[in-house]
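Kindly generate the complete structure, drawing on both the sequences and the hints.
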Amino acid sequence: MIDSIPKHVNANADLVRRGRFVDTTFMIAIDEAYTLIRIREGRVTKLTQGPFITPDYSFCLRASRGVWEKFWQPSPPLGFTDIFALVKQKLMKVEGDLHPFMSNLLYFKDVIAAPRKEAAR
Amino acid sequence: MSPRFEPITGRYLQCELLGKPQRLYVEEAGRGIPLLCLHTAGSDARQYRGLMNDARITANYRVIAFDMPWHGKSSPPAGWQDTEYQLTSRDYVRLIVEVADALELEKPVAMGCSIGGRIVLHLAHEKPERFRALIGLESAAYTAPYYDLSWLNRPDVHGGMVCAGVVSGLIAPTAPAPERWETLWHYMQSGPGVFKGDLYFYMIDGDIRDRVDEIDIKRCPLFLLTGEYDYSCTAEGTLDVARRTGATATIMKDLGHFPMSEDPQKFNDYLLPVLEKIRAL
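Residue numbers (my numbering), protein chains in the order written: chain A, 1 to 121; chain B, 1001 to 1281.
For the record, the hints were derived by calculation from the structure and aren't laboratory data. Bear in mind that the values here come from a model prediction, so they are computed numbers and not experimental data. We put the CB at the ideal spot given by N, CA and C, even for glycine. Be careful, since some hints might not be right.
To be verified - Here's a subset of chain A near chain B, in silico, CB distances under 10 Å, partners left out:
1) Thr-24
2) Ile-28
3) Ala-85
4) Val-94
5) Met-102
6) Ser-103
7) Tyr-107
Claimed, not checked - Taking lysine-lysine pairs in the BS3-like style, the calculated list, with each CA pair at most 25 Å apart, reads:
8) A:Lys-88 <-> B:Lys-1253
9) A:Lys-117 <-> B:Lys-1253
10) B:Lys-1253 <-> A:Lys-109
11) B:Lys-1073 <-> A:Lys-70
12) B:Lys-1073 <-> B:Lys-1020
What the hints assert, rightly or not - Computed far set for chain B versus chain A, every beta-carbon distance over 10 Å:
13) Arg-1011
14) Arg-1049
15) His-1158
16) Asp-1207
Okay, structure coming up:
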């Protein structure tokens, strides 16, 4: 699922334009499985699966596999439709330097939800 | 061919609010029982245009919505540049009563959403004699902060974009795209620090958990409507208020935190039976 993020983001010209000033690497943690996602000018240029010894990233979204699987359903159940819904329920943590995330929130919400498109295929 | 005007008129009301002269922007449509509508935090009265353009509602109700000072077309009071906007429970109650007086409304129905849904509970507690009935949309006694509010107003983050980003997930996934994005546009247009200042009421000062049991719905009927996708004011939060007050509560399918603007047609179908009940009181 997570592997599909580059394909769906880079194929979406409007999303790439929305993130045109984003230049960062962020992490998604699914239980103890870590993935680094490199973004340049709104495009995903690299996706690297862990484990890592000294991962270098700005921010990390951390949740259990069960939570991510519900979040990435094409039509997520109530309470699993949005990152902030998960944070409020203490099902997800957003950690690290949040500046790139908060200053491009509408962009990152769609990047992180991109696997829903893969699930819908 | 004549111009295709909507039935809504917008005017500026000269009044004094919270002890300061104010030029308040007010929109209205319809005739009948005054229905005073209160917008959400960091937005403005445009959220209620779906009501004002629905003849089923305006046939019996005079729908009135105003931009609170600092919001929409109601500028901040003179001297704003030297203050930090922060909405308190006391000022918010007073503001609504003063606006109703300035508009010479006698026992209006007040309907508010989110912060407006919360203040409706304060009105039910403090000023029940002033209103014919109260309608709380996305109404709960308290919402704890679930992110750092300082992100909403700092020079290195675009205020409009972050405010829209924060609230975007509160809209039901089923909402039509034009209405979803217009709802977010209102947030993008909000002045710096205004959403954050409103949330001071919503997440800190407006906590009414300790007084909900004192609300007497016999003195002023209270109706609650909450969208199922709202994770800020949750269905559980609304049902708790209903249980403690005896108010009528409805959880609305396929709607979120902004029912009147994210999907007006769907919302109006839920609102109309409530308005009919109030008419029959």
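Taking the hints in turn, this is what the structure says about them:
Hint status for Thr-24 (chain A) relative to chain B: violated, with the closest Cβ pair at about 14 Å, above 10 Å. Annotation: Ile-28 (chain A) was flagged as interfacial toward chain B, and the flag is violated, the nearest CB pair being 18 Å apart, outside 10 Å. Hint status for Ala-85 (chain A) relative to chain B: holds, with the closest Cβ pair at about 4 Å, below 10 Å. Evaluation of the Val-94 (chain A) hint against chain B yields a held restraint, the C-beta minimum of about 9 Å falling below 10 Å.
Interface hint status for Met-102 (chain A): upheld, as the beta-carbon distance to the closest one in chain B is roughly 5 Å, under 10 Å. This hint holds: Ser-103 (chain A) has a C-beta 4 Å from the nearest C-beta of chain B, less than the 10 Å allowed. Checking Tyr-107 (chain A) against chain B by beta carbon gives a least distance of about 8 Å; that is within 10 Å, so the hint holds. For a cut-off of 25 Å, the pair hint linking Lys-88 (chain A) to Lys-1253 (chain B) stands: about 21 Å separates their Cα positions.
Proximity of Lys-117 (chain A) to Lys-1253 (chain B) is assessed by CA-CA distance (about 24 Å); at most 25 Å being required, the pair is judged to hold. Proximity of Lys-1253 (chain B) to Lys-109 (chain A) is assessed by CA-CA distance (about 24 Å); at most 25 Å being required, the pair is judged to hold. A distance of roughly 41 Å separates the Cα atoms of Lys-1073 (chain B) and Lys-70 (chain A); the hinted pair therefore is violated under the 25 Å criterion. For the proposed pair Lys-1073 (chain B) and Lys-1020 (chain B), the alpha carbon gap of about 17 Å is at most 25 Å, so the pair holds.
Every beta carbon of chain A lies more than 10 Å from that of Arg-1011 (chain B), the smallest distance being close to 34 Å; the non-interface claim holds. The claim that Arg-1049 (chain B) lies off the interface holds: its Cβ sits roughly 24 Å from the closest Cβ of chain A, which is beyond the 10 Å cut-off. Annotated as non-interface, His-1158 (chain B) brings its C-beta within 10 Å of a C-beta of chain A; the closest such distance is 7 Å. Residue-level check passed: Asp-1207 (chain B) sits 17 Å from the nearest beta carbon of chain A, beyond 10 Å.
Violated hints, in rising order: 1, 2, 11, 15; the structure is consistent with all others.
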